[in-house]
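*Asks:* Here is what each chain is made of, one letter per residue.
Number of protein chains: 4
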Amino acid sequence: MKIRIYYEDTDISGFVYHSNYLKFCERARSELFFQKGLSPIDGNSHFVVSKLEAKFIQPAKFGDILEVDTQVTKIGGYSVQLLQTIFRDEVEIFRMDITLAYLKNGKLAKIDRKTKEIFYK
Amino acid sequence: MKIRIYYEDTDISGFVYHSNYLKFCERARSELFFQKGLSPIDGNSHFVVSKLEAKFIQPAKFGDILEVDTQVTKIGGYSVQLLQTIFRDEVEIFRMDITLAYLKNGKLAKIDRKTKEIFYK
Amino acid sequence: MKIRIYYEDTDISGFVYHSNYLKFCERARSELFFQKGLSPIDGNSHFVVSKLEAKFIQPAKFGDILEVDTQVTKIGGYSVQLLQTIFRDEVEIFRMDITLAYLKNGKLAKIDRKTKEIFYK
Amino acid sequence: MKIRIYYEDTDISGFVYHSNYLKFCERARSELFFQKGLSPIDGNSHFVVSKLEAKFIQPAKFGDILEVDTQVTKIGGYSVQLLQTIFRDEVEIFRMDITLAYLKNGKLAKIDRKTKEIFYK
Chain A
1 MKIRIYYEDT DISGFVYHSN YLKFCERARS ELFFQKGLSP IDGNSHFVVS
51 KLEAKFIQPA KFGDILEVDT QVTKIGGYSV QLLQTIFRDE VEIFRMDITL
101 AYLKNGKLAK IDRKTKEIFY K
Chain B
1001 MKIRIYYEDT DISGFVYHSN YLKFCERARS ELFFQKGLSP IDGNSHFVVS
1051 KLEAKFIQPA KFGDILEVDT QVTKIGGYSV QLLQTIFRDE VEIFRMDITL
1101 AYLKNGKLAK IDRKTKEIFY K
Chain C
2001 MKIRIYYEDT DISGFVYHSN YLKFCERARS ELFFQKGLSP IDGNSHFVVS
2051 KLEAKFIQPA KFGDILEVDT QVTKIGGYSV QLLQTIFRDE VEIFRMDITL
2101 AYLKNGKLAK IDRKTKEIFY K
Chain D
3001 MKIRIYYEDT DISGFVYHSN YLKFCERARS ELFFQKGLSP IDGNSHFVVS
3051 KLEAKFIQPA KFGDILEVDT QVTKIGGYSV QLLQTIFRDE VEIFRMDITL
3101 AYLKNGKLAK IDRKTKEIFY K
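First to last, the protein sequences are chains A, B, C and D. Each residue of the first sequence is one higher than the one before, counting from 1 in this note's numbering. Each residue of the second sequence is one higher than the one before, counting from 1001 in this note's numbering. Each residue of the third sequence is one higher than the one before, counting from 2001 in this note's numbering. Each residue of the fourth sequence is one higher than the one before, counting from 3001 in this note's numbering.
No lab work stands behind these hints: they were computed from the structure. This structure is a prediction, so every number in the text was calculated from the model and none was measured. A portion of the hints provided could be inaccurate.
[Claimed, not checked] The calculated lysine-lysine pairs, modelled on DSSO-like cross-linking and capped at a C-alpha distance of 27 Å, are:
| id | chain 1 | residue 1 | chain 2 | residue 2 |
| --- | --- | --- | --- | --- |
| 1 | D | Lys3036 | D | Lys3023 |
| 2 | D | Lys3110 | B | Lys1104 |
| 3 | D | Lys3002 | B | Lys1023 |
| 4 | D | Lys3036 | B | Lys1051 |
| 5 | A | Lys104 | C | Lys2051 |
| 6 | B | Lys1023 | D | Lys3023 |
| 7 | C | Lys2061 | B | Lys1116 |
| 8 | B | Lys1061 | D | Lys3002 |
| 9 | A | Lys61 | C | Lys2051 |
[To be verified] Below, a sample of chain D positions facing chain A; criterion: calculated Cβ distance under 7 Å:
| id | residue |
| --- | --- |
| 10 | Tyr3007 |
| 11 | Glu3008 |
| 12 | Lys3023 |
| 13 | Gln3058 |
| 14 | Lys3061 |
| 15 | Gly3063 |
| 16 | Asp3064 |
For glycine and all other residues, C-beta sits at the position ideal for the given N, C-alpha and C.
For reference, chain A alone in the conformation it holds in the complex (with noise of 0.2 Å):
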């Protein structure tokens, strides 16, 4: 999962502005989905973003080429726990925890097995 910085992605700082890192993320967790054929948003199921922590270690700028890596730290019954990073020539810019939560017709509910499976590759 490669992603080029454009214009869009900085700010007046020069660099990659900070909640743009949440969406190169996000569009990994989607590639997740989509690399298999699959939707992140399966009819009325889908996952949403419960909570996160974010560590910002360098700065990204324009022209840049990043690499996200996703690993999954832990599922459970109703979410699903990741480590994402970013990286630039092999070097860590980026590091969150994210916790996914899984809501069908928009209520919490269990992650069935063929959905689980699709974090483990």
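Let chain A serve as the given structure and place chains B, C and D on it in line with the hints.
*Replies:* Here is chains B, C and D on its own, set in the frame of chain A:
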């Protein structure tokens, strides 16, 4: 309709990223509805952008306070044409002619009288 | 600090895209400066986000009016910690602990007294 | 130049937010430079958008893969005109005529031969 320019609106050039002026105009269009206690999404009906012509006259910068003016130029059976102008300190910095098509259940639909009146104030 | 939710803030889920709550909090931080006639960018000095912990409690939706509350939790020599809470109709829907590092010419720098006072109102 | 549609690109309508098509076209313009090992920002010189005319033909949706085609329509002394078209499965869904002005130190400047050649591949 006053709009403050924040970090998120700028890019590495130090000025506002070009497509964000379109966002500011959309906010002003939505406020035409919100200010009357209505919503731009009325059940299954809403407007979509079908075409636009924009002129970027002067760049806005971090901290600026902009004002958006919206004038109706034509109300047709199925679409509305607006002229939206953005000012900073009463100086015009952006201008856009925009045509909005009215959709009902995803299909082009006749604009009802009540909806037309929203544009006449 | 009131924030209206526009089309641009929502995504296909029908609710506000998760990273946009971080933008709303950044607007509130910038307004701490703007409201005093100052700018968050003071010559070559400004704050950058070094880490954050966010909790997504309830989703905001199109048309909502949100309020952002910002409390200083710690002012250190080189960084500031804030607790930012977003409310809708006085109900908490998002909370974030954020640490900002102070940079001068791109390097970590001691926060001067004048800058510290901005956070004490 | 292929572009995947993620959550961040969509809005409550379920489709891509209108101004994001402009972002996709900007990415394609920047790639004209990046693909040659260059940057759109060359010291104190870069292009800015001075006007555009856009036609929204069909909406793109979550998960779509779009392709952006960029054709030079005119290279003047101080500006460049491009026709940018976005396709999904070879069907045109968006088209934009855009004029870019060349700036050096913030002022309109003559485009040098080397920069002109970037647009001729």
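*Asks:* Take the hints in turn and mark each one as holding or not.
*Replies:* Results of checking the hints against the structure:
no.	hint	in the structure
1	Lys3036(D) - Lys3023(D)	holds, 20 Å
2	Lys3110(D) - Lys1104(B)	violated, 49 Å
3	Lys3002(D) - Lys1023(B)	holds, 24 Å
4	Lys3036(D) - Lys1051(B)	violated, 33 Å
5	Lys104(A) - Lys2051(C)	violated, 32 Å
6	Lys1023(B) - Lys3023(D)	holds, 12 Å
7	Lys2061(C) - Lys1116(B)	holds, 25 Å
8	Lys1061(B) - Lys3002(D)	violated, 31 Å
9	Lys61(A) - Lys2051(C)	holds, 18 Å
10	Tyr3007	holds, 6 Å
11	Glu3008	holds, 5 Å
12	Lys3023	holds, 5 Å
13	Gln3058	violated, 19 Å
14	Lys3061	violated, 10 Å
15	Gly3063	holds, 6 Å
16	Asp3064	violated, 10 Å
When the structure is compared with the earlier hints, violations turn up for hints 2, 4, 5, 8, 13, 14 and 16 and for no others.
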